[in-house]
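> Single-letter residue listing:
4 protein chains.
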Amino acid sequence: MSIRAAVLTAPGKAPEVWDIPDPSLEPGSVLLETVASEVCGTDVHLSHGRLAGVPYPIIPGHVSVGRILETRGVAKDFSGAPVASGDVVTFYDVHEVCGACWYCLVAKQPNRCPSRRVYGITYSAKEGPLGGWAERIYLKPGVKLLRLPEPLTADEVIGGGCGLFTGFAAVERSGMALGDAVLVQGAGPVGLSAAAFAALRGASLVIVIGAPANRLELARAVGADVTLSLTEMPPRERAARVRDLTGGRGVDVAIEAAGNPAAIEEGFRLLRDGGTYVIAGHYTDVGTATVNFHTDVNRKHADVRGQWGTDFTHVWRALTLLAKHRDRLRLDRVIGGRYGLDEAGRALADVESLAVTKAIIVPSKTTRPTAAG
Amino acid sequence: MSIRAAVLTAPGKAPEVWDIPDPSLEPGSVLLETVASEVCGTDVHLSHGRLAGVPYPIIPGHVSVGRILETRGVAKDFSGAPVASGDVVTFYDVHEVCGACWYCLVAKQPNRCPSRRVYGITYSAKEGPLGGWAERIYLKPGVKLLRLPEPLTADEVIGGGCGLFTGFAAVERSGMALGDAVLVQGAGPVGLSAAAFAALRGASLVIVIGAPANRLELARAVGADVTLSLTEMPPRERAARVRDLTGGRGVDVAIEAAGNPAAIEEGFRLLRDGGTYVIAGHYTDVGTATVNFHTDVNRKHADVRGQWGTDFTHVWRALTLLAKHRDRLRLDRVIGGRYGLDEAGRALADVESLAVTKAIIVPSKTTRPTAAG
Amino acid sequence: MSIRAAVLTAPGKAPEVWDIPDPSLEPGSVLLETVASEVCGTDVHLSHGRLAGVPYPIIPGHVSVGRILETRGVAKDFSGAPVASGDVVTFYDVHEVCGACWYCLVAKQPNRCPSRRVYGITYSAKEGPLGGWAERIYLKPGVKLLRLPEPLTADEVIGGGCGLFTGFAAVERSGMALGDAVLVQGAGPVGLSAAAFAALRGASLVIVIGAPANRLELARAVGADVTLSLTEMPPRERAARVRDLTGGRGVDVAIEAAGNPAAIEEGFRLLRDGGTYVIAGHYTDVGTATVNFHTDVNRKHADVRGQWGTDFTHVWRALTLLAKHRDRLRLDRVIGGRYGLDEAGRALADVESLAVTKAIIVPSKTTRPTAAG
Amino acid sequence: MSIRAAVLTAPGKAPEVWDIPDPSLEPGSVLLETVASEVCGTDVHLSHGRLAGVPYPIIPGHVSVGRILETRGVAKDFSGAPVASGDVVTFYDVHEVCGACWYCLVAKQPNRCPSRRVYGITYSAKEGPLGGWAERIYLKPGVKLLRLPEPLTADEVIGGGCGLFTGFAAVERSGMALGDAVLVQGAGPVGLSAAAFAALRGASLVIVIGAPANRLELARAVGADVTLSLTEMPPRERAARVRDLTGGRGVDVAIEAAGNPAAIEEGFRLLRDGGTYVIAGHYTDVGTATVNFHTDVNRKHADVRGQWGTDFTHVWRALTLLAKHRDRLRLDRVIGGRYGLDEAGRALADVESLAVTKAIIVPSKTTRPTAAG
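Residue numbers (this note's numbering), protein chains in the order written: chain A, 1 to 373; chain B, 1 to 373; chain C, 1 to 373; chain D, 1 to 373.
None of these hints come from the bench; they were simulated from the model.
Misleading hints may appear alongside valid ones.
The calculated lysine-lysine pairs, modelled on DSS-like cross-linking and capped at a C-alpha distance of 27 Å, are [what the hints assert, rightly or not]: (1) K108/A x K108/D; (2) K108/D x K76/A; (3) K140/B x K140/C; (4) K140/D x K108/A.
Looking at chain A on its own, in the form it has when it is part of the complex (with noise of 0.2 Å):
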């Protein structure tokens, strides 16, 4: 039996379906049947090839839910609890971190660990069904498993997606105090999650800057309590909108999740005295920015604060509290399309245009061909 996946062959090309072999189970291994596997930002720089290293062809998704198939002596998930066939389970992307190196060991920053890959950009369909955009995915020994925390659906999971990790990641990382003025730039899905985990973490004021207006929206409903328009409002009156919220100061935080030099500028304008900048979406190299390290960094004693990727630690925390809080968030709404695996092309344009803010691939929605694939 073999399966079928959505493989990005080159950069460039449109996605083709293609039938990948069925993987023999290892020993600690996992068969998934897949639920729903998202269609990222990533996904769309994939596409165009603008990740360094990429081993096309490769099948994309690396947040997916599945349902288990089949597993070879693992009978529980990360935390202890136990799984079976026919449970629904999402699972941690980033593999082979190898706990050994110095990165793992020294620095303690296992997100810079060499040997890290992840599901749906590291791996080659040629490696087997290691991306989400497949009817089966191979969790090989030591993929991190995870229950669905109680009551979380699919929908709002994946509706989450990456980006909701990434958003966290980014929160976290700011290490901003309750009560702070919060900025976010962008309203994307990583924007969104910044947004939301920023009202949830005790923020005074989150402001979210970005477009268009049902993004906004969005954003408003999962905590942002101003947006202002990036295509609507010059940037002249968003910078005195942020003054007069902010007693004339500035934010005391600001989350980049715009992934364009040009919000960098305007992030160091909005930003106070003393306050800390994380920069999340700057995911691929979109160019570079100019920045006057004398007025935007020294004399305004800023911190700024790279985060790249997530950690496993952002995953079960994202999850736990978007378990709790999940009326407030209810990220499904995110989800603008569903689409099959032979409808891949067409999510990564919606993406792109974005026509919507997150697109899913459900394979299970795939049409047959008349020929079997």
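Dock chains B, C and D against chain A, hints included.
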């Protein structure tokens, strides 16, 4: 009676020796006879008008040592140690931090208090002898007075000067861990101090990049393990050396004490993933730097921290450690020349040309004009 | 004219209503007409003489709300917002932190400044109306004035009272991470506040242990997810419940707000390995606890953090968040009784017996004696 | 062939020399010829049965140095440096931290991982030569191997031993600031290491309380500024000395390395308000201490931090710094006696009686019995 002082009358003008009226002492004030006052890079900037909001004419000299001439109800230094006429003391040049504003009370960042004023920089010569390039210095009520910790001499304190405190603050701001590899960019007073304190705080490796050769020699004397010439070794070779010395990773902590945007680019390149970069040398506007926030900050998971000015805690701690390690540090060696008030212009020129690392003004050395001044 | 005030004349004595001379206003001072002042557990301790160094006779009442009657050159509150006669304000009870000693300058711990004095506790009634249980309160020059953040009422601020700030400080002191499980020991004003702010700061689980039942109901109303009765559930069962709720590990953070050494033993037992335990409720000497530093601290790798008093940053931040979340918190519900100055003894008794969670003194409610007081 | 080893067969029994079968090497494993292994206070505790869960019979010796005899596919140490037969190496005694549980993944506290095992303590002699008191040591796959940093000798590393790492961890755990005054309680291996690293991390003052006199002399040699005798100076006098040395305030940081509840009471008394107290010496259950949480923790605003075991980052960093400062530290001086395997009982007795600070087991020194062992 009047007080002779070297005065910067306006940007771009040579210093002049003026007679300033003797102040009348308010309750809580102290009058010092100046022993020595430093000439630092900031004074060169002041002479060129590169700082905003300076109320020319001013008497420069923010870090000074003096002998108590007279006190009005002041019998103790800040720590409660008794002080009396004839004692040799120093004082904290930063004054009038209000303790009552949002920055002082809520943000706990007195270095960004809007009321903050600095001896030798933000007081007009018309307000009195409030800078160290004068025969006497008036310490307004509330100025933090500090007996020189035993057995420090005036030369050791002034040899350190404000750079001693800024370098100290930069090292503490880095939050470096015991055993870290530290790069210091710059071998002027701030860089030398940062190198010394990084070594004293348990760096396993302190690398200094700077020039000229005699400053690098001083850097090694105060604690640098390796020095790399800014002028004689090409950047590519410096990068290779740093990689070799750090297991190929780059440094854990970099401290910018160069005051040059070109240093920024090199600093990011030599910083390891997950490292911390303290920006301490951009005290004035020396132009912009170009930064790729994807490669330099986000993917690198970097911490970039501006260090603006100092706080009294740095002054006290730095002097305490200087007293303990004086045999090793011997900061009097940094003093390259002693100048009378009438030689202030030459002192500025010698600092600017790097002819001396540290120049000091010794008012008693001033040549008396034949006609009384 | 004179001011009527409820005075604790000596330990163990019932409060008396005294006439205090009206103060003459110094430059920088403000006179308030008292709207309401709280009666907190500390006042009970003061009535019994359990705090050292209290200069009886005193006018209690450290957190108060008042209406501005008169000002001497004060036109703004601490944040720069304009204030004028008739405005309803509060103020920070901690005063005379010197800003000039080792603790203020070097250690940066103004809550341990030896000059620190507190309205309602460390001022004698002979020094003037420097406590809130009086018709008018004299705000000495430099007291931090604060307009009530819109749309808070006096009842909401006093309902929170000093416990609001202490609970806030305890939560910040814990350094809790987003998604942590938090235990609060005690359901008095400090415990309720800690539970509320732990929830607002993104705890995934807030457990409160306390009594009686109506306080636990309040705890759930302000954010506790689970409450366990101190009186009706045996310790062994409480421990089992906490283990069940935390994957068998115990809580990430425990906050002691019980003021009872017996709580300490239970707190260590319920804390997970590597957890943080904040001691906030031992404001007076209630005796010793027995601790096994091997099992409870060393092997547990525990963090135990004392929280002494508060700092203005806590006050401002707590009130800002209270204003944002007033609908959820409704701290006016905590007020169990309103007492005139002549009823202060009964107010103390009701607080001590736990008959009310929070009593408030409303001077205008005082019954005028037939013969002028 | 077999391996001779000194074995603790049961609590309270004298060590016996056993013959252990030679292990068969798994892929990824290494076999060492033991150069030397330490005898530390923990081994004394083990001989008395004071640790819970120890699987007697055991081969003690958790920190050891050996020469590589044979490897199975291991060509590099943890840092990537090549290793080959004949090389002298050490290894991290803590093993089997899982990297997959809640403590490893979420709490980021591998020192509390339930799977954690320790060479010389938690492995049975029946599992193989998994302790250093043996002619050969079997390094299971995944054990962290470390070449001795140049130019360290085996004696210097073993002279430091596990106390070197624990003392290092305690100093880092304190978060001390540059210029802090530090008290170390205890002058055994942990205390000496803490004193050394506190000095290397920039303490302005390191005070050691301990006994006997020769240990205090060692303490001064490695960096203590002042030593106070536990046996010859009464507590009241020690307290007076500490106050004198710290401006009357007490120390900023205290580190308990005494393993005695009596030390706790003195530690709290000598700690300044707002200070940090690290509990590192209570590795076994030595009974309870009585603490007044009002005066010692709450009002003092103290931080009390347990330090359980170590992490590899401490080992690597400590050895790196030991290599840099070897001339000053000369930890080989700590070694008071070298014992063969057949002399292990005497070694334990000499450590327990404080006759030697550090005993080492040198298997090659073992007297061969006339009949082959």
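> Next step is simple, just say for each hint if it's right about the structure.
A quick look at each hint next to the structure:
1. K108/A x K108/D: 9 Å, holds
2. K108/D x K76/A: 20 Å, holds
3. K140/B x K140/C: 23 Å, holds
4. K140/D x K108/A: 23 Å, holds
The structure meets every hint from the earlier list without exception.
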